[in-house]
Amino acid sequence: MIFFGIALLLGLSAFFSGTETAVMALDRYHIKALANEGHENAKRLLQYLEKPERFFSVVLLGNTFANIAAASLFTVWVVDVWGEMSMLATIVLTIWVLLFCEYWPKSMAARHSLVISMAVVRVIMALEYILAPLLIVMRYMMSYMNQSKTVASVSVKEVQKVVRAASAHLSDEEQDMLEGVFELSQLTVDEVMKPKHLVKVIDISLSIGEIKQMIRQCSSHYLLVVSDRSWHEVLGVIYVHDFVFSTEPLSLNFLKRQLKDVVCIPSGMALNKQLANFKRRRQEVSVVVDEYGAILGVLDVHDILEEVVGYYANRRAVPIGSVRFDGDKGYWIRADLNVRDLNRYLQWSLPERATTVGGMVFEHLERIPDAACAISLGEYVIEVVEVKNNVLILCHICRIIEAKV
Numbered sequence: 006m007i008f009f010g011i012a013l014l015l016g017l018s019a020f021f022s023g024t025e026t027a028v029m030a031l032d033r034y035h036i037k038a039l040a041n042e043g044h045e046n047a048k049r050l051l052q053y054l055e056k057p058e059r060f061f062s063v064v065l066l067g068n069t070f071a072n073i074a075a076a077s078l079f080t081v082w083v084v085d086v087w088g089e090m091s092m093l094a095t096i097v098l099t100i101w102v103l104l105f106c107e108y109w110p111k112s113m114a115a116r117h118s119l120v121i122s123m124a125v126v127r128v129i130m131a132l133e134y135i136l137a138p139l140l141i142v143m144r145y146m147m148s149y150m151n152q153s154k155t156v157a158s159v160s161v162k163e164v165q166k167v168v169r170a171a172s173a174h175l176s177d178e179e180q181d182m183l184e185g186v187f188e189l190s191q192l193t194v195d196e197v198m199k200p201k202h203l204v205k206v207i208d209i210s211l212s213i214g215e216i217k218q219m220i221r222q223c224s225s226h227y228l229l230v231v232s233d234r235s236w237h238e239v240l241g242v243i244y245v246h247d248f249v250f251s252t253e254p255l256s257l258n259f260l261k262r263q264l265k266d267v268v269c270i271p272s273g274m275a276l277n278k279q280l281a282n283f284k285r286r287r288q289e290v291s292v293v294v295d296e297y298g299a300i301l302g303v304l305d306v307h308d309i310l311e312e313v314v315g316y317y318a319n320r321r322a323v324p325i326g327s328v329r330f331d332g333d334k335g336y337w338i339r340a341d342l343n344v345r346d347l348n349r350y351l352q353w354s355l356p357e358r359a360t361t362v363g364g365m366v367f368e369h370l371e372r373i374p375d376a377a378c379a380i381s382l383g384e385y386v387i388e389v390v391e392v393k394n395n396v397l398i399l400c401h402i403c404r405i406i407e408a409k410v
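Counting from 1 along the sequence shown, just add 5 to a position and that's the residue number in the working numbering.
There's no promise every hint is true.
[Claimed, not checked] List time: in silico DSS-like cross-link candidates among lysine-lysine, alpha-carbon distance up to 30 Å:
#, residue 1, residue 2
1, LYS166, LYS261
2, LYS37, LYS278
3, LYS37, LYS56
4, LYS205, LYS278
5, LYS199, LYS217
6, LYS278, LYS201
7, LYS166, LYS37
8, LYS217, LYS201
9, LYS48, LYS217
10, LYS284, LYS201
11, LYS201, LYS393
12, LYS261, LYS199
13, LYS205, LYS265
14, LYS166, LYS217
15, LYS205, LYS284
16, LYS393, LYS199
17, LYS199, LYS111
18, LYS261, LYS284
19, LYS334, LYS265
20, LYS284, LYS334
21, LYS166, LYS278
22, LYS48, LYS111
23, LYS205, LYS261
24, LYS278, LYS265
25, LYS217, LYS205
26, LYS284, LYS166
27, LYS166, LYS56
28, LYS205, LYS393
29, LYS37, LYS48
30, LYS265, LYS201
31, LYS199, LYS284
32, LYS217, LYS278
33, LYS334, LYS278
34, LYS261, LYS201
35, LYS37, LYS111
36, LYS265, LYS284
These are calculated hints, taken from the structure and not from any lab test.
Could you put the whole structure together from the sequences, leaning on the hints where they help?
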């Protein structure tokens, strides 16, 4: 009878050890998906995963009771059969518990965590109900000893690690798209906007013929309307499709009716916040200004979306002709090219503190070069080739790769 009791207690010990490993090895997101599909056992498991103290209180109480009771009964049985040989009982029971109550059930549970967890969750809930008085006391004591409350959360970096770990099951485009979503909170509008000097604008004082010609030649889907070429006042934005599909002839009054308000946004705003603002206001274009109200550039919602889904249709991250191979080891590069786009295009790692290549050179020199010069940034040598009207036009960049000895 004692031997049967010992076997039962050791079986309980193996059960609780395996159950603990199986539930803790579960994929929380998989269980949540199963629970959303209506699986009852998955819903029960999700409750334990969200409040692990409930699960641990049952498992640890059961496992501790089973081990101590088994050790006591086994010692009594050994003494009764062989006399004073308690040390032998300790050694034998330790080996047995280690192999058959810990190692083997935990190994099996780790391999088949979902199947085992689904099978035992009802048993654990029944034990929790039966042992409720003891568990209430235990939880009260633990809450008194540990007053701090921690909230389980997953950081963006942890999710990015999961995405990279799953790269074998994702295409390059899918992986880039997922990482682009996470980068939105890390990027600002300054890094994606189109600089002021590259934005095409319509001066409201121009003749109707000149305005019509500008609309026809526009390569973008919008044009800013300003009071004069110096951007003293931005009157609004017009969208090219409103004129292309209109049957009404172009006139100044028609142009003013098609004007849409444009919102000014502060420099340094996070891209994900601005994307939410675009959605809430149902707008596509905003003007980026600094702390003094000076216009820095224009941000289009398409520029944000392209950070996620990539560059589509006829829009290119690197315009044709802006990067030309010199036939040796370097490239001729336009200075207004975005540094992040250049790094993606050539698989480089130029510093991205500045938005454009010209800005990167200016940041390093702390002045606008008035003649050709060269700088070194890590493994890259940048040569300023052309400067016009205090604006960098063309650079030559060569990557120096040290030969391994």
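Results for each hint:
As the CA atoms of LYS166 and LYS261 are separated by approximately 50 Å, the hinted pair breaks the 30 Å bound. Simply put, LYS37 and LYS278 have alpha-carbon atoms about 28 Å apart, close enough for the 30 Å limit, and the pair holds. Annotation: proposed proximity of LYS37 to LYS56 holds, straight-line Cα distance about 14 Å (limit 30 Å). Between the alpha carbons of LYS205 and LYS278 the distance comes to roughly 26 Å, so the proposed pair stays at or under 30 Å and holds.
Proposed proximity of LYS199 and LYS217 is supported: the alpha carbons are some 23 Å apart, at most 30 Å. Straight-line distance between C-alpha atoms of LYS278 and LYS201 comes to about 22 Å, which keeps the hinted pair within the 30 Å bound. Proximity of LYS166 to LYS37 is assessed by CA-CA distance (about 20 Å); at most 30 Å being required, the pair is judged to hold. The straight-line distance between the Cα atoms of LYS217 and LYS201 is roughly 22 Å, inside the 30 Å bound, and the hint therefore holds.
Taking the CA atoms of LYS48 and LYS217, the gap is near 63 Å; set against the 30 Å cutoff, the hint is violated. Proposed proximity of LYS284 and LYS201 is supported: the alpha carbons are some 24 Å apart, at most 30 Å. Taking the CA atoms of LYS201 and LYS393, the gap is about 17 Å. The hint holds against a cut of 30 Å. This hinted pair checks out: LYS261 and LYS199 have alpha carbons roughly 24 Å apart, not beyond 30 Å.
Our distance criterion of 30 Å between C-alpha atoms is met by LYS205 and LYS265, whose separation comes to about 16 Å. The straight-line distance between the Cα atoms of LYS166 and LYS217 is roughly 51 Å, outside the 30 Å bound, and the hint therefore fails. In summary, the hint linking LYS205 to LYS284 is supported, as the alpha carbons are separated by about 24 Å, within the 30 Å threshold. Using a Cα cut-off of 30 Å, the hinted pair LYS393 and LYS199 holds, with the two alpha carbons roughly 20 Å apart.
Restraint check for LYS199 and LYS111: not satisfied, since their Cα atoms lie roughly 57 Å apart, outside the 30 Å limit. A threshold of 30 Å between alpha carbons decides the hint, and for LYS261 with LYS284 the separation of about 24 Å falls inside it, so the pair holds. The suggested pairing of LYS334 with LYS265 is violated, with an alpha-carbon distance near 48 Å, which exceeds 30 Å. For a cut-off of 30 Å, the pair hint linking LYS284 to LYS334 is broken: about 45 Å separates their Cα positions.
For the suggested pair LYS166 and LYS278, the alpha carbons sit about 23 Å apart, so the restraint of at most 30 Å is met. The straight-line distance between the Cα atoms of LYS48 and LYS111 is roughly 23 Å, inside the 30 Å bound, and the hint therefore holds. Restraint check: the Cα-Cα separation between LYS205 and LYS261 comes to about 18 Å, which is no more than 30 Å; the hinted pair holds. A distance of roughly 21 Å separates the Cα atoms of LYS278 and LYS265; the hinted pair therefore holds under the 30 Å criterion.
Annotation: proposed proximity of LYS217 to LYS205 holds, straight-line Cα distance about 14 Å (limit 30 Å). Only pairs whose Cα atoms come within 30 Å are accepted, and LYS284 paired with LYS166 is accepted, the gap being roughly 29 Å. With a C-alpha separation of about 25 Å, the suggested pair LYS166 and LYS56 falls inside the 30 Å cut-off, and the hint holds. Our distance criterion of 30 Å between C-alpha atoms is met by LYS205 and LYS393, whose separation comes to about 20 Å.
Distance hint between LYS37 and LYS48 is fulfilled; the C-alpha atoms sit about 8 Å from each other, no more than 30 Å. Simply put, LYS265 and LYS201 have alpha-carbon atoms about 19 Å apart, close enough for the 30 Å limit, and the pair holds. With a C-alpha separation of about 20 Å, the suggested pair LYS199 and LYS284 falls inside the 30 Å cut-off, and the hint holds. Simply put, LYS217 and LYS278 have alpha-carbon atoms about 35 Å apart, too far for the 30 Å limit, and the pair is violated.
Using a Cα cut-off of 30 Å, the hinted pair LYS334 and LYS278 is violated, with the two alpha carbons roughly 41 Å apart. Between LYS261 and LYS201, the direct Cα distance comes to roughly 23 Å. Compliance with the 30 Å bound is thereby established for this hinted pair. For the given pair, LYS37 sits about 23 Å from LYS111 by alpha-carbon distance, which is consistent with the 30 Å threshold. Between LYS265 and LYS284 the CA atoms are separated by roughly 16 Å; this keeps the pair inside 30 Å, and the hint holds.
Of the numbered hints stated above, those contradicted by the structure are hints 1, 9, 14, 17, 19, 20, 32 and 33, listed in ascending order.
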